[in-house]
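*Asks:* Below, each chain spelled out in residue letters.
There are 2 protein chains.
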Amino acid sequence: MKLEQMGERGIIRKLGEIFGERAIEDDCAILHVGGSYYMLFTTDTVNQKEHIPFTATPWQIGYYACAVNLSDIAAKGGEPQGLLFATTYPKEMDMECVLEIARGMADCAGMYGAAVLGGDTKEGENLTIAGVGIGRVHRSMLMRRRGAKPGDAVYITGTVGRGGTAFVKLQHGYEQKNATKELLEITPRITLARQIARLGVVTSAIDTSDGMAAALQQLGELNSVGFQIVWDEKFPVYPDALRVASKFGIDPSDFIFYGGDYEILFTIDGSFSDEFEKKARKKKFPVTRIGRVTQGKSIALKQANGRTLDLTRYGYEHFHRKSQGPGKLKI
Amino acid sequence: MKLEQMGERGIIRKLGEIFGERAIEDDCAILHVGGSYYMLFTTDTVNQKEHIPFTATPWQIGYYACAVNLSDIAAKGGEPQGLLFATTYPKEMDMECVLEIARGMADCAGMYGAAVLGGDTKEGENLTIAGVGIGRVHRSMLMRRRGAKPGDAVYITGTVGRGGTAFVKLQHGYEQKNATKELLEITPRITLARQIARLGVVTSAIDTSDGMAAALQQLGELNSVGFQIVWDEKFPVYPDALRVASKFGIDPSDFIFYGGDYEILFTIDGSFSDEFEKKARKKKFPVTRIGRVTQGKSIALKQANGRTLDLTRYGYEHFHRKSQGPGKLKI
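These protein sequence lines are chains A and B, in that order.
518 is the number of the first residue of the first sequence in the working numbering; add one for each residue after it.
518 is the number of the first residue of the second sequence in the working numbering; add one for each residue after it.
Just so you know, not all the hints are guaranteed correct.
Note: identical chains are not told apart, hence a pair may lie in one copy or across any two.
Unchecked claim - Derived EDC-like pairs: lysine to aspartate or glutamate, alpha-carbon spacing no greater than 16 Å straight-line: (1) Lys566 <-> Glu642; (2) Lys608 <-> Asp749; (3) Lys814 <-> Glu792; (4) Lys519 <-> Glu617; (5) Lys639 <-> Glu521; (6) Lys819 <-> Asp768; (7) Lys814 <-> Glu525; (8) Lys795 <-> Glu613; (9) Lys519 <-> Glu750; (10) Lys819 <-> Asp749; (11) Lys819 <-> Asp611; (12) Lys566 <-> Glu538; (13) Lys531 <-> Glu738; (14) Lys800 <-> Asp624; (15) Lys800 <-> Glu640; (16) Lys814 <-> Glu534; (17) Lys819 <-> Asp771; (18) Lys608 <-> Glu640.
If you are wondering where the hints come from, they were derived from the structure by calculation, not from laboratory data.
Please model the complete structure; the sequences and the hints are all you need to start from.
*Replies:* Take a look at the structure:
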């Protein structure tokens, strides 16, 4: 069977049969190296053709390649320690461009208390940056994907739809500079995720790097649960999403759940959720309760107009495009 | 300036100005995480177009992508703990091929007591595998590239010229299956390097993944030293190199120093070298003394016929091909 028929997650499931479930379950590999900390390792590749709009500056490309890896560490409640970058550059590329990419990497790492520790430089037809994030997390603070159970409350940090909004803008050639910034100059939720993890009540967590819908699907599959998400007036839609949707006559639900937001989606045991929210308000955490974990497999988005949208059917996923419908967010 | 004018090591030196010298000095990033061990991290990318002959099986590709990273850990005296693979697959690739690559990775990792901990799967035009090796080394056993000084004795594990020999065979369409095996089914020197490191007398070490000449050049530059290598009857030439050289009427010195051998080249303080060799003989280490560290920058190969060959001028290096002459080993 060809990869395009399998879908990215289909491929990963098959790889899990060879490498073991542990290798595919979480955003990071988790290694106990003695003491009270786990080491976290993650790798995420950025290909110019697949992920980077032509409007991006080299600095933004480097920043983004670093930040996506830090986001995986954030999803585990971890603190970043260092990064490696295995990079493939076309030989006709200009050295100044390489240095600007490197500065973007170093600047992003520095903002989050990490450093670029090394890497590998190869020649190839296309610019490809495989970043490696190295972090650590105290055993008591580790957040995993596995753990959500029916009755848990579902939360998200920040807002939903920044990536999707940027995509719509780029698709229409509208506010391109701003859209490129929204897409690439993301803020890995390192500090906030650690503050949340420290409270010790999170049952599962994942970043929304492939969009909120994909994050819910992955958590749902892994934990054999469904979700009911309520899209009411309190739902934290990315502010510009509504303006852009209205400008281009699109329903925001067509794009806000399918673009990479790099927020943390997490669940908390229902009996601790009120207490968690009280603490979160007091500490001014930008988190919003958006629904609950259900039995069964459906991921239902209850809209204010009474309609229910099925979020399992769409979502940006590599390799697998034919059946994606409106969720096909690709630059 | 374009990258093709800079050469791979020229690019890496420039990157060192941004990331700091520490990031570019060694085969691995070395991180002290508390206790008496250092963590080692390395990343090495394998591109199908650049590194893999068309005769390779998918299993061999996976094995190789894993082994090259283990070789970097070996060069530090480390023991591997785990690997990650960030892989880009063309969408028209067959799933069975992906699984065979994965089995090659898992088999290689398993042979050296490590496991594949995770990774990332993306779609792209060409098969690219960015491997990440994670290892650890006791502080007393860490071997670094920095440390060689004039008067040190120079040693190499195993033989010299396996990679170059395989290249010549492939170039001539001769014994292709065997050559592909020689090129890809390499043996990272994990166990031997650790036995050597444990003796505590190594002043510097590097793997010969870009060939012996490139390894000497890198050690030389970093330590501001030169080398005198003696090619006499005791020099450990890869046995098949002489047969192949004679078959195709080529001088073995045209290829044996420029192909990736994945052996460990290391130096030992002159006053400890006799004692080291006594121990090495007793323990039957496959290591050979091949020369000494000198003052100045020349890397001279003294041949048995009295001629001296300058090893600084050639060597396989990415991006930089025009001036390579006979050292241009490329599949």
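*Asks:* Hint by hint, work out which the structure violates, then give me just those numbers in ascending order.
*Replies:* 2, 3, 7, 8, 9, 11, 12, 14, 15, 16
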